[in-house]
Amino acid sequence: MTTLTDPPKESFRLSMLINDTRYRSLTFQAIAAVALALAIWYLGNNLIQNLRAAGLNISYSFLGDPAGYDINQRLVEYDSQSSHARAALVGVLNTILVAFLACVTATIFGVIAGVLRLSNNWIVSKLMAVYVEIFRNIPVLIWIIIIFTIMTAVMPGPREFRGDNATSSMVLDLFAFTNRGVYIPMPFFENGLFGSATLNWVLVVLVAAGSWYAVRTNNARAANVQAETGVRPKTLWINLAIWLVPFIALMFIMGLSWEVPELKGFNFKGGIKVGGPLIALWFALSIYTGAFIAENVRAGIQAVSKGQTEAASALGLRPRRVMNLVILPQALRVIIPPLISQYLNITKNSSLAIAVGYADITATLGGITLNQTGRAIECVLLLMLFYLTASLLISMAMNVYNASVKLKER
Amino acid sequence: MSDQNNNSIAFVATETIPESPPPARETGMVKWMRENLFSSVSNSILTVVALLLIYSVLKNTLPWIFNGLWTTSSLAECREILDGTTGACFSVLTERWNQLIYGFKYPVDEYWRPNVAFVLMLVAIAPVLFFDLPRKLLIFTALYPFVAFWLIWGGTILAPLVALVGFVAAGAFFQKFGRNNFALGFFGAVVIALIIWALGGAMIPEGASDNALLPAVPSRDLGGFMLNMMLGLTCVSLSVPLGIALALGRQSDMPLIKGICVVFIEFVRGVPLITLLFVASVMLSYFFPPDATVDLFLRVVIMITLFSAAYIAEVVRGGLAALPKGQYEAADSLGLDYPQAMRLIILPQALKISIPGIVNVAVGLFKDTTLVSVISMFDLVGMIRGPILASTEWNGVYWELFGFAAALFFVVCYGISQYSQWLERKLHKGH
Numbered sequence: 000m001t002t003l004t005d006p007p008k009e010s011f012r013l014s015m016l017i018n019d020t021r022y023r024s025l026t027f028q029a030i031a032a033v034a035l036a037l038a039i040w041y042l043g044n045n046l047i048q049n050l051r052a053a054g055l056n057i058s059y060s061f062l063g064d065p066a067g068y069d070i071n072q073r074l075v076e077y078d079s080q081s082s083h084a085r086a087a088l089v090g091v092l093n094t095i096l097v098a099f100l101a102c103v104t105a106t107i108f109g110v111i112a113g114v115l116r117l118s119n120n121w122i123v124s125k126l127m128a129v130y131v132e133i134f135r136n137i138p139v140l141i142w143i144i145i146i147f148t149i150m151t152a153v154m155p156g157p158r159e160f161r162g163d164n165a166t167s168s169m170v171l172d173l174f175a176f177t178n179r180g181v182y183i184p185m186p187f188f189e190n191g192l193f194g195s196a197t198l199n200w201v202l203v204v205l206v207a208a209g210s211w212y213a214v215r216t217n218n219a220r221a222a223n224v225q226a227e228t229g230v231r232p233k234t235l236w237i238n239l240a241i242w243l244v245p246f247i248a249l250m251f252i253m254g255l256s257w258e259v260p261e262l263k264g265f266n267f268k269g270g271i272k273v274g275g276p277l278i279a280l281w282f283a284l285s286i287y288t289g290a291f292i293a294e295n296v297r298a299g300i301q302a303v304s305k306g307q308t309e310a311a312s313a314l315g316l317r318p319r320r321v322m323n324l325v326i327l328p329q330a331l332r333v334i335i336p337p338l339i340s341q342y343l344n345i346t347k348n349s350s351l352a353i354a355v356g357y358a359d360i361t362a363t364l365g366g367i368t369l370n371q372t373g374r375a376i377e378c379v380l381l382l383m384l385f386y387l388t389a390s391l392l393i394s395m396a397m398n399v400y401n402a403s404v405k406l407k408e409r
Numbered sequence: 000m001s002d003q004n005n006n007s008i009a010f011v012a013t014e015t016i017p018e019s020p021p022p023a024r025e026t027g028m029v030k031w032m033r034e035n036l037f038s039s040v041s042n043s044i045l046t047v048v049a050l051l052l053i054y055s056v057l058k059n060t061l062p063w064i065f066n067g068l069w070t071t072s073s074l075a076e077c078r079e080i081l082d083g084t085t086g087a088c089f090s091v092l093t094e095r096w097n098q099l100i101y102g103f104k105y106p107v108d109e110y111w112r113p114n115v116a117f118v119l120m121l122v123a124i125a126p127v128l129f130f131d132l133p134r135k136l137l138i139f140t141a142l143y144p145f146v147a148f149w150l151i152w153g154g155t156i157l158a159p160l161v162a163l164v165g166f167v168a169a170g171a172f173f174q175k176f177g178r179n180n181f182a183l184g185f186f187g188a189v190v191i192a193l194i195i196w197a198l199g200g201a202m203i204p205e206g207a208s209d210n211a212l213l214p215a216v217p218s219r220d221l222g223g224f225m226l227n228m229m230l231g232l233t234c235v236s237l238s239v240p241l242g243i244a245l246a247l248g249r250q251s252d253m254p255l256i257k258g259i260c261v262v263f264i265e266f267v268r269g270v271p272l273i274t275l276l277f278v279a280s281v282m283l284s285y286f287f288p289p290d291a292t293v294d295l296f297l298r299v300v301i302m303i304t305l306f307s308a309a310y311i312a313e314v315v316r317g318g319l320a321a322l323p324k325g326q327y328e329a330a331d332s333l334g335l336d337y338p339q340a341m342r343l344i345i346l347p348q349a350l351k352i353s354i355p356g357i358v359n360v361a362v363g364l365f366k367d368t369t370l371v372s373v374i375s376m377f378d379l380v381g382m383i384r385g386p387i388l389a390s391t392e393w394n395g396v397y398w399e400l401f402g403f404a405a406a407l408f409f410v411v412c413y414g415i416s417q418y419s420q421w422l423e424r425k426l427h428k429g430h
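Chain order of the listed sequences is Z and B. Numbering-wise, numbering that gives the first Met the number 0 puts 92 at position 93 of the first sequence, and it's gapless, one number per residue. Numbering-wise, numbering that gives the first Met the number 0 puts 94 at position 95 of the second sequence, and it's gapless, one number per residue.
There may be inaccurate statements among the hints.
As the list claims (entries may be wrong) - Derived CB-CB ranges, DEER-like:
1. P22(B) with A313(Z): 28 to 34 Å
2. L35(Z) with P133(B): 42 to 48 Å
3. N266(Z) with A291(B): 47 to 53 Å
4. L335(B) with W40(Z): 36 to 42 Å
5. V127(B) with F174(Z): 51 to 57 Å
6. V127(B) with W40(Z): 47 to 53 Å
7. K135(B) with A310(Z): 55 to 61 Å
8. V114(Z) with L137(B): 21 to 27 Å
9. I39(Z) with L160(B): 33 to 39 Å
10. P186(Z) with P22(B): 55 to 61 Å
Claimed, not checked - Below, a list of computed lysine-lysine pairs in the DSS-like style, where the Cα atoms sit at most 27 Å apart:
11. K305(Z) with K30(B)
12. K405(Z) with K324(B)
13. K30(B) with K125(Z)
14. K135(B) with K425(B)
15. K347(Z) with K257(B)
16. K257(B) with K324(B)
17. K175(B) with K135(B)
18. K351(B) with K135(B)
19. K233(Z) with K305(Z)
20. K425(B) with K125(Z)
21. K425(B) with K324(B)
22. K58(B) with K125(Z)
Hints were generated in silico from the structure; no laboratory data involved. Note that the Cβ used here is the ideal one computed from N, Cα and C, for glycine as well.
Start from the sequences and build out the full structure, keeping to the hints where you can.
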């Protein structure tokens, strides 16, 4: 009688660490861990020695010291006596400001160019192809510098607006384009409901949000009625009223006025000043990234198969509704992920602000603060930490969105 | 009824009407224009707007270009000659040509060296780009980095020779042992190369570069468009293998290796290149041994390589993920081990898929080399913004200079992307 027995249990031999696939990965990981530890120890050791030789230490206390430099373009109160941390905050807000503005305009440029590139108008589609190729293939730094040069070297100085035979004049008497920046009228409330201007603006935003919610409810009601009776009630005028009436009433109550920039002394006073560097950065990032977004939009629209258009037409939908109800929802699923990564690129490319002197986080914390305090390691680490956080937040938003539009499969 | 002759009926045609040409509005140019330019009212408006736009751009630029002056010696002289009429002052390009291309410190007598290196680069790169060329040329491609290093930096020929010997010995060792045991071959080759470099480095006598055949040029003297080209080429070619390794590491099922690769890739992709350049210029020297002086060029090359390696890794990962699972299983069932499966089955297919992505990264990287001007290296943009625009002769010549820089980058980047599209069509084997 034969008996089946397990093969004799193999005892562990040292050579199995190399030759046996079950253990080899452990060997490799052990080697990697040792190598990593050695590298960290080596670099750390060098760092400590170098710091000791230079008489430095790692400390973040410099952030509380007065910065001692001025920042022109700022969203929060700041003066040269404020701390380095405050300067960094100004920089962070400026980064967010230019990144946000550039994302909005880049999307607009990109969508227009991408759709027009698919136009059956030969000359327009070729023109858009030229736009895309030119802007994609030239470094964004060169675009930033070119537009900055236009803003500073080509625009007229404030004194050319002066006198009876002025060579320049304000556009519509409201906007002044000068080589020190663009001055635009600033809205303000003569008798706001709250003491502080910020609270008044928060109130405006709240009212707008309320209107938006009311419009959504109204549309949902209309959809319900349509589902039950087959006839969609007219919503346009009601929606318009919901948007406009509370807003206009609020503006009327609070007494909206505009502060128009005026030439006083050697410069324009009043209004909002948008500095040349901000415009250069904003516009350059917009047209540069817009070219990339145009390609994404084009690819997204082309990814929707022709059969979808034909099917929708066969159902009797008009071209506009075909676009809105059939093509765009499907194209957006393809367009949005690369679009978000373009937003990420804008945020990272906004660090080029340092080339034109726009006070973003790279120019304040990584530029002037670094040079003044000599705290290179601390400043660069903080800088990286900021961008890393921003990138991770944006990609997190992207993942959430992707999950929500993903094709629902079994 | 039946005897009625058809010919007798008045309204039946007896002869065929000769073919007449289609109406004018349905043929040739007119038809094309009606269909492509004026098919509807909105389309016509778009056409007119586009034409106006093109006209206004051309009206302003063409006289400026054709009236351009090429031989004056300063902007003031240009203005004097032009006397109020529009016209470019291209003489800044001719007068400062050497500075734009080679930077302002590279010795004038040695300009032939980068020129030769550039021509040789075209020869070396050709077999990589075009697969139909004889494969023997790849030997020259492998030798090129050492030749180019010697040509551009000059100094003793021993340094590139030692480096070359190290690589050759490592390659020979890998050929002999790596076929059967990848780990042994690979790590053995690394150790052998390190030993040879250490020994060879010690053997190069002090002051060997003093009376060398080609005088040594320190790397802080490099500049101009040459610097952009060198940074772009070096960093791309170094970052492709590194990126592939990172992508494979990210796919690995060893948690530690995977963790290291994921953290590295996500970290690098999360920060802008400029912060990495700051690291190179102000921070990296703290991490080298106290007595070592690593020059800025090398530090920048290290950081840009790491930067683009992370992006290439993501592209290659996409290629690896796009392969059907069956390919991995087929490799396993043939009994191939991991290095063999990767080398023979997986990577050739995955890399083919990733080529357009890798070329995109390369183009982006080449454009990003202009960022080194921010950390005060004098590349093309740095030269323009620094020495040239600051000089008294050329202060104010913006459009000619930036237009020139833009045109140079456009030609190179557009060329690369056209090549990538051509390659994609060529590699596409429709099934």
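Q: Hint says 51 to 57 Å; check whether the CB-CB distance for V127(B) and F174(Z) agrees.
A: holds (54 Å)
Q: Assess, step by step, whether the Cα of K30(B) is no farther than 27 Å from the Cα of K125(Z), and give holds or violated.
A: holds (19 Å)
Q. Between K425(B) and K324(B), is the straight-line Cα distance small enough, at 27 Å or below?
A. holds (25 Å)
**Q.** Satisfaction of the hinted span 42 to 48 Å by the C-beta atoms belonging to L35(Z) and P133(B)
**A.** Since the Cβ atoms of L35(Z) and P133(B) sit about 43 Å apart, the hinted range of 42 to 48 Å holds.
Q) If you draw a straight line from the CA of K135(B) to the CA of K425(B), is it 27 Å or shorter? A) holds (22 Å)
Q: Hint says 28 to 34 Å; check whether the CB-CB distance for P22(B) and A313(Z) agrees.
A: holds (32 Å)
Q) So the hint says 55 to 61 Å: do the beta-carbon atoms of P186(Z) and P22(B) match that? A) Since P186(Z) and P22(B) have Cβ atoms about 59 Å apart, the given range 55 to 61 Å holds.
Q) Are I39(Z) and L160(B) spaced within 33 to 39 Å by their CB atoms? A) holds (34 Å)
Q | K135(B) paired with A310(Z), Cβ distance criterion 55 to 61 Å | A | holds (56 Å)
Q. At the C-beta level, are V114(Z) and L137(B) separated by a distance inside 21 to 27 Å?
A. violated (46 Å)
Q. Lying within 47 to 53 Å: is that true of the beta-carbon distance V127(B) to W40(Z)?
A. The hinted range 47 to 53 Å is violated for V127(B) and W40(Z), with Cβ atoms some 39 Å apart.
Q.
Just to be careful, I want the Cα atoms of K425(B) and K125(Z) compared with a cutoff of 27 Å; is the pair within it?
A. holds (25 Å)
Hint compliance for this structure: hints 6, 8 and 19 are broken, all remaining hints hold.
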